[in-house]
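Colleague: Sequence:
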Amino acid sequence: MKLDILAVGAHPDDVELGCGATLAKEISLGKKVGILDLTRGELGTRGSAEIRKKEAEKAAKILGVEVRENMAFADGFFVNDQEHQLKLVEIIRKYQPEIVLCNAVDDRHPDHGKGS
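Just remember that our numbering sits 20 ahead of the position in the sequence shown, which is counted from 1.
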């Protein structure tokens, strides 16, 4: 499936917090949007990975995204190396998005910067 926009976040909820309104607007204009979470957020302080998964699924449904995937990289421990980059490249090739949204490289959270 070809997407117009693929939004990548290090943790479930990063995309919604960072660009949820933008995605909602683009979806309302007919764009096909997907979300890719790099980790399950298992080290988060606001709910377990299972709770965050359910919340992410519900948020995706509310927004109307076409697809949401999770790479299940180790929260807090994944690195921006060739192995992880190639897994991300596979997803980008799978969906062939016109636009990829992600965190800033210099984001204050280390996972966000590594994930960008």
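In short, the hints are calculated from the structure, not lab data. It is possible that part of the hints are untrue.
With a Cα cut of at most 30 Å, we get these calculated DSSO-like pairs of lysine-lysine [as the list claims (entries may be wrong)]:
| id | residue 1 | residue 2 |
| --- | --- | --- |
| 1 | Lys114 | Lys73 |
| 2 | Lys52 | Lys22 |
| 3 | Lys51 | Lys74 |
| 4 | Lys78 | Lys114 |
| 5 | Lys74 | Lys22 |
| 6 | Lys52 | Lys81 |
| 7 | Lys74 | Lys134 |
| 8 | Lys52 | Lys114 |
| 9 | Lys52 | Lys134 |
| 10 | Lys114 | Lys51 |
| 11 | Lys45 | Lys78 |
| 12 | Lys22 | Lys81 |
| 13 | Lys51 | Lys134 |
| 14 | Lys45 | Lys74 |
| 15 | Lys51 | Lys73 |
| 16 | Lys73 | Lys22 |
| 17 | Lys52 | Lys78 |
| 18 | Lys74 | Lys52 |
| 19 | Lys22 | Lys51 |
| 20 | Lys45 | Lys73 |
| 21 | Lys73 | Lys52 |
| 22 | Lys45 | Lys81 |
| 23 | Lys22 | Lys134 |
| 24 | Lys107 | Lys51 |
Fair warning: this is a prediction, and the values are worked out from it, not measured in the lab.
Colleague: Now tell me if each hint is right for this structure.
Modeller: Hints and how they fare:
The straight-line distance between the Cα atoms of Lys114 and Lys73 is roughly 22 Å, inside the 30 Å bound, and the hint therefore holds. Proposed proximity of Lys52 and Lys22 is supported: the alpha carbons are some 8 Å apart, at most 30 Å. At roughly 24 Å between alpha-carbon atoms, Lys51 and Lys74 fall within 30 Å of each other, so this suggested pair holds. Proximity of Lys78 to Lys114 is assessed by CA-CA distance (about 23 Å); at most 30 Å being required, the pair is judged to hold.
Simply put, Lys74 and Lys22 have alpha-carbon atoms about 25 Å apart, close enough for the 30 Å limit, and the pair holds. Of the supplied pair hints, the one linking Lys52 and Lys81 holds, its CA atoms being roughly 13 Å apart against a limit of 30 Å. With a C-alpha separation of about 25 Å, the suggested pairing of Lys74 with Lys134 holds against the 30 Å cut-off. For the hint pairing Lys52 with Lys114, the CA-to-CA distance comes to about 14 Å; that is within 30 Å, so the pair holds.
For the hint linking Lys52 to Lys134, the alpha-carbon distance of about 26 Å falls within 30 Å, and the restraint holds. For the suggested pair Lys114 and Lys51, the alpha carbons sit about 17 Å apart, so the restraint of at most 30 Å is met. Between Lys45 and Lys78 the CA atoms are separated by roughly 18 Å; this keeps the pair inside 30 Å, and the hint holds. The straight-line distance between the Cα atoms of Lys22 and Lys81 is roughly 19 Å, inside the 30 Å bound, and the hint therefore holds.
Annotation: proposed proximity of Lys51 to Lys134 holds, straight-line Cα distance about 27 Å (limit 30 Å). Annotation: proposed proximity of Lys45 to Lys74 holds, straight-line Cα distance about 23 Å (limit 30 Å). Between Lys51 and Lys73, the direct Cα distance comes to roughly 24 Å. Compliance with the 30 Å bound is thereby established for this hinted pair. A threshold of 30 Å between alpha carbons decides the hint, and for Lys73 with Lys22 the separation of about 24 Å falls inside it, so the pair holds.
With a CA separation close to 18 Å, the supplied pair Lys52 and Lys78 stays within the 30 Å bound. With a CA separation close to 22 Å, the supplied pair Lys74 and Lys52 stays within the 30 Å bound. With a CA separation close to 11 Å, the supplied pair Lys22 and Lys51 stays within the 30 Å bound. Note on Lys45 and Lys73: the hinted pairing holds, with a Cα-Cα distance of about 23 Å set against a maximum of 30 Å.
Between the alpha carbons of Lys73 and Lys52 the distance comes to roughly 21 Å, so the proposed pair stays at or under 30 Å and holds. Distance restraint check for Lys45 and Lys81: the Cα-Cα separation of roughly 15 Å lies within the 30 Å cut-off, and the hinted pair is therefore satisfied. Our distance criterion of 30 Å between C-alpha atoms is met by Lys22 and Lys134, whose separation comes to about 25 Å. About 25 Å separates the Cα atoms of Lys107 and Lys51, which keeps this hinted pair within 30 Å; it holds.
In this structure, every one of the numbered hints holds.
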